[in-house]
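A.B. asks: Assemble chains B and C onto chain A, guided by the hints.
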Amino acid sequence: MADRVPPNPLRAAECPALEVRGLSLRYKDVQALEAVTATVPAGSMTAIIGPNGAGKSTLLKSVLGLVQAEGEVRAFGGPVAQAMARIAYVPQRAAVDWAFPVRVIDVVLMGCYRQTGLLGRIDAQVMAQAQSALARVGLQDFARRQIGALSGGQQQRVFLARALAQGADLFLLDEPFAGVDAATESAIIGVLKSLRASGATILAVHHDLTTVASYFDRVLLLNRRSIAEGPVAQTFTRAALEKAYGPALFPDPAIRSAS
Amino acid sequence: MDEFLILSLPPMLIAALAAIACALPGNFLLLSRRAMLGDALSHVVLPGIVVAFLLTGSGSGVVMGAGALAAAGLSALFIEEITRRTGMEPGAAMAVVFTTMFALGVVLLETTGTSGVHLDVEHALYGNLESLIWLGAPPPELLRLTLIAAGLALALRLVWRPLVLATFDPVFAQTQGVPVGLVRAGLTGATALAAVAAFQAVGSILTIAMLICPAAAARLLTQSLPAQLAASLGFAVTAALGGYVLAGYAPLWLGLPFTLSAAGMIATLCGLMLAAAALIASHRARAAL
Amino acid sequence: MIWQALLLQAGYNAALVSLGAACLGAAAGAAGAFLTLRRRALMSDAMAHATLPGIGLGFLVMVALGGDGRFLPGLMLGAALTAALGLWAVQRLSRQIHEDAATGAVLASFYGAGIVLLTLIQGLGTGRPAGLETVLLGSTAGMLRADALVIGFGGLAVVAALWVLRRPLTLVAFDPLHAAMMGINPRRMDSLLMALVLAVVLVGLNVTGLILIVALLVTPAVTARMWSGTVSGTASLSALIGAVCGYLGAAISAGVPDLPTGPVIVLLAAAAFMLTLLVRGRRDG
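Chains as they are written, first to last, in full-length UniProt numbering: chain A, 1 to 259; chain B, 1 to 289; chain C, 1 to 285.
Quick caveat, the hints were computed from the structure, so don't treat them as lab data. Each residue gets a CB set at the ideal place from its N, CA and C atoms; glycine is no exception. Among the hints, erroneous ones may be present.
Restraint-style ranges between C-beta atoms, simulated for each label pair [said to hold, decoys possible]:
id	chain 1	residue 1	chain 2	residue 2	range
1	C	Leu65	B	Arg157	44 to 50 Å
2	C	Gly66	B	Arg157	58 to 64 Å
3	A	Gly65	C	Thr230	39 to 45 Å
Where chain A lies over chain C, by a calculated footprint (3+ residues, C-beta under 8 Å) [as the list claims (entries may be wrong)]:
id	region
4	73-80
5	154-167
Bound-form chain A, shown alone (with noise of 0.2 Å):
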């Protein structure tokens, strides 16, 4: 088992949250993923960009062993299994039964799963972890809702909740702003800024151009294959994205201020 490193950036430098090497995944008649490669940095907060059918979402499946992909995944230098009580994945929205009789903070007292196990109480320090997992997404006064009866926005922070709440520092995102308001945003934003500045890793799927620069300092450029990856000022150019997206793509200025 790996042991929990506290969030050292020194540290994360020298060993990158995650690794993935030569990965590739077919299905059926469908290749989705080519021999993608990349390295994402501890302590970096990265965007996987690319085209409707580019595999990012199923990237962030496969690395985490969800779909049976070949290649070699790695995280804090290890295996992906010794290391999984140190990710926590938020799913796209509508993965789930929104009438299910469960309570917010039901859903969020799911992520203490592995330290309350099959039959352990779920004690004071436990609910107290859970409530402030809940508080820092600003949902404190909804604790006992049913889940169905939050808006999508709201809802997708007690994903979010559900994630902090696993004590994780490498959070996996799938489409975290995907049909959010505004304000859901902003608050998931701020919440994933400041889990950076703890030392925690970010690695989201995002699909708005023209927040990546102002959201993230990294991008991994992905269509089926990965086009390019770096820091967003050297990577996020108009050139690579015309690689990945196609060149007829980009009507909009404010690619062209961001890169």
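C.D. replies: The following block gives chains B and C in isolation, referenced to the frame of chain A:
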């Protein structure tokens, strides 16, 4: 030969016609992913028949058919209403409704002495195929099933195009002026009619095999809808005739002096055909459906 | 007679049977709560119907070995084997056709094979086949003390297992991906849940019968869910409703000759559901 005409031909014809009547709507139930509706509707035939008899005192086929259709319509409404009012998955709503209706039918049958209609719980569970023999005149079920099968085939021919459109892409069909809701209700009605027709022959539960298996096997082995429909009819008739013959004669060939349940054998053959189709088409994944 | 049975005064055996049915109801209610949350309600129906050929085969094998064929554990073993085969068939077919269609096809064709075997047993006339068809609709009349004990303790064991597994089962039902992240194997959890449901089905064969056991799994669960906003609340209430329906149903059916137990229990559960729907319906709009 005489014995064959009197004892075996009518039930064989009835089984084949029931299988045809079920396979026709079954194809479209399967394509619109409402296969379990056939399950639900075939269970509610029983209370419909019993209640119709209790209300009218008449044991005529038309009255009982009407009762069964009414029960089917009512259950379809219940299922939709419960799904809407509780937000539960349709499968669970169906399970609640059809088990309740079936239980109601059994309790009514056992407590009110409805035996005057030649109906008992065993018929609901096993069907009644072997008793549908030629006694001076053809059994009334034969004529009724001929009419129902022909009617369903004709209706299918008439609404073929809108039905295909509404099944494949309901939203697009709506924009093209196809009354999708009406088509859907019509398919529900046709399924109920087929389930009523098959009830006499094979009973409630085995009707499900006739509704689903031939269509599903055909779906796996064909690439176009007309071919699928034709294949499903072929499978349905084969299972009906083959099942009857096997049940009636296989023990005799083995020297055993009795017969097996024809309805059960037909359902078993239906299932084996589907299993064979699934193996033959094992390259074909569900994404194709 | 009914009142005596309800008040546990219709004799020691009848009282034991009613209490056994109550334990079964509790087990079915609790297992059904997790089953419906996992959206597998109808799969239990296919599994229940698929027990029939196993019962027939179990009987034939035991007769061939020289027994009278009515030994309950032997019948249950056969039932469990073909039910597991049916479940496997549903999953195998679901790779190629829609799950609903696979469920219906397996349900009906396994049941058909079972009916064929029952007529074969009747025709062979060996052993003591009389009453074998009570497994279709259930009958608690004349049930033996040992059977009632098996049903009661079997039900309690299922409830205990569900209590132990409640957290991982909830996680998997709510969000299987997240459950996998938490170190739970969702497939293994699903298999465990199906095994517990199979245990309920087997234990319930003599009480509700295989055709209607799905109602005892589903109806109390969906009723409870309309009252409770948490998984533990839903499962507990569902178990309570199931226990009350099982108890009353067995008692009523013991008091009225010819009335199969299964349909009575199902109608009681349906009444609870209808009342709930009137009081609590349209909650989610």
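A.B. asks: Quick check: do three or more residues in the region 73-80 of chain C have a beta carbon closer than 8 Å to a beta carbon of chain A?
C.D. replies: violated (count 0)
A.B. asks: Do Leu65(C) and Arg157(B) keep their Cβ atoms within the hinted range of 44 to 50 Å?
C.D. replies: 57 Å, violated
A.B. asks: Can the suggested window of 58 to 64 Å be confirmed for the beta-carbon pair Gly66(C) and Arg157(B)?
C.D. replies: 60 Å, holds
A.B. asks: Just to make sure I understand the rule, a stretch counts as covered if three or more of its residues have a C-beta closer than 8 Å to a C-beta of the chain. Does the region 154-167 of chain C meet that for chain A?
C.D. replies: holds (count 3)
A.B. asks: Is it true that the C-beta distance of Gly65(A) to Thr230(C) lies inside 39 to 45 Å, as the hint says?
C.D. replies: 31 Å, violated
Comparing the model with each earlier hint shows violations of hints 1, 3, 4; every other hint is respected.
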